[in-house]
Amino acid sequence: MAGRERGMGPAAVVLVWSASHWNRWNYRAAVEQVLTSGRILDRWDVGPGRIIRPGTEAWLLFHGSSGAGSGLIGHGIVVCGTAESGGGTEGAAPGGAVGVAFDALLPVGEQIPSDTLAAEVPDIPWGDAAGSTLLSVPPPAESGLRRLWREQGPAAVDPFDVVPGAYPPEAAASVGANRYERDADARRVCLAFHGTACAVCGFSFEASYGEIGNGFIHVHHTVPAAQLEAGYELDPITDLVPLCANCHAMAHRGVSTPRTVQELRTILSAAGHLRGEVVTEQALEAQENARRLLEGRQD
1 MAGRERGMGP
11 AAVVLVWSAS
21 HWNRWNYRAA
31 VEQVLTSGRI
41 LDRWDVGPGR
51 IIRPGTEAWL
61 LFHGSSGAGS
71 GLIGHGIVVC
81 GTAESGGGTE
91 GAAPGGAVGV
101 AFDALLPVGE
111 QIPSDTLAAE
121 VPDIPWGDAA
131 GSTLLSVPPP
141 AESGLRRLWR
151 EQGPAAVDPF
161 DVVPGAYPPE
171 AAASVGANRY
181 ERDADARRVC
191 LAFHGTACAV
201 CGFSFEASYG
211 EIGNGFIHVH
221 HTVPAAQLEA
231 GYELDPITDL
241 VPLCANCHAM
251 AHRGVSTPRT
261 VQELRTILSA
271 AGHLRGEVVT
281 EQALEAQENA
291 RRLLEGRQD
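Last residue of the sequence shown: 299 in the UniProt record's numbering, with the numbers rising by one and none dropped.
You may find that some hints are simply not true.
Pairwise CB distance ranges, derived in the manner of DEER restraints [said to hold, decoys possible]:
#1 Ala245 with Thr116: 32 to 42 Å
#2 Arg147 with Arg43: 49 to 59 Å
#3 Arg147 with Gln262: 42 to 52 Å
Treat the hints as calculated values from the structure; they're not laboratory data.
These numbers come from a predicted model, not from an experiment.
Heads up, the beta-carbon is just placed ideally off N, CA and C, and yes, glycines get one too.
Kindly generate the complete structure, drawing on both the sequences and the hints.
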């Protein structure tokens, strides 16, 4: 993001969240809302006399007492800026406040620590956070801050990744908030049973790309993960199916409830692109291995 002209306000800012105001948020609920819906809107006081425009990149710094636990904990975009002195501004919030759409929040305890910030992005006056509500980000520091967040912030989430529902129970790990992790066990059982070829078109990454494609395939929820209730017991054989990236995208494109494997096969067949399928000894062996895995989990 390029720097702005003088008087237009900074292109990026760091919002300082003091430990003394920690209870202003139900932070655990905020983290979970960002995980499930992609963002959360909040009004943030930045103090009088600040000019913050809509579109400004906003980072969230938690400032603990005596530096304890301080660190970068969130990211968002200003959607409602402040009013300039002597007049109103379109899209301005009242007083010294801005409206921020946070699109990433780290669970408490996982913030990027202050010593790392000072070492990796020294152009930002991190030491001025005490008693402040906002730090400006100099244009030369913007790219370094984004790089650090990309490397040490929240892991990138693929919208097609498996989330566990309630299987296994330990898959929902509480780290300040429920943070749904990728369910390796469910994926392993699914692929052991179904194999790693696409269930719709038969495409195999390993057959096409060799060693680098070995074991690679998307795993698709036949029932959207968002519709699974908290007590739902996920069956990795009936509820999950391997799909290539193309078929996975088409399963979700333009619909709220994903297209079924059979619907996609019918569409491909009507278009004249559905290949025949041969059940191999390897596939039969994979199914038998999957049954043994499931039996072992039930013992």
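Margin query: Run through the hints listed earlier and report the numbers of any the structure violates, in increasing order.
Written below: 2
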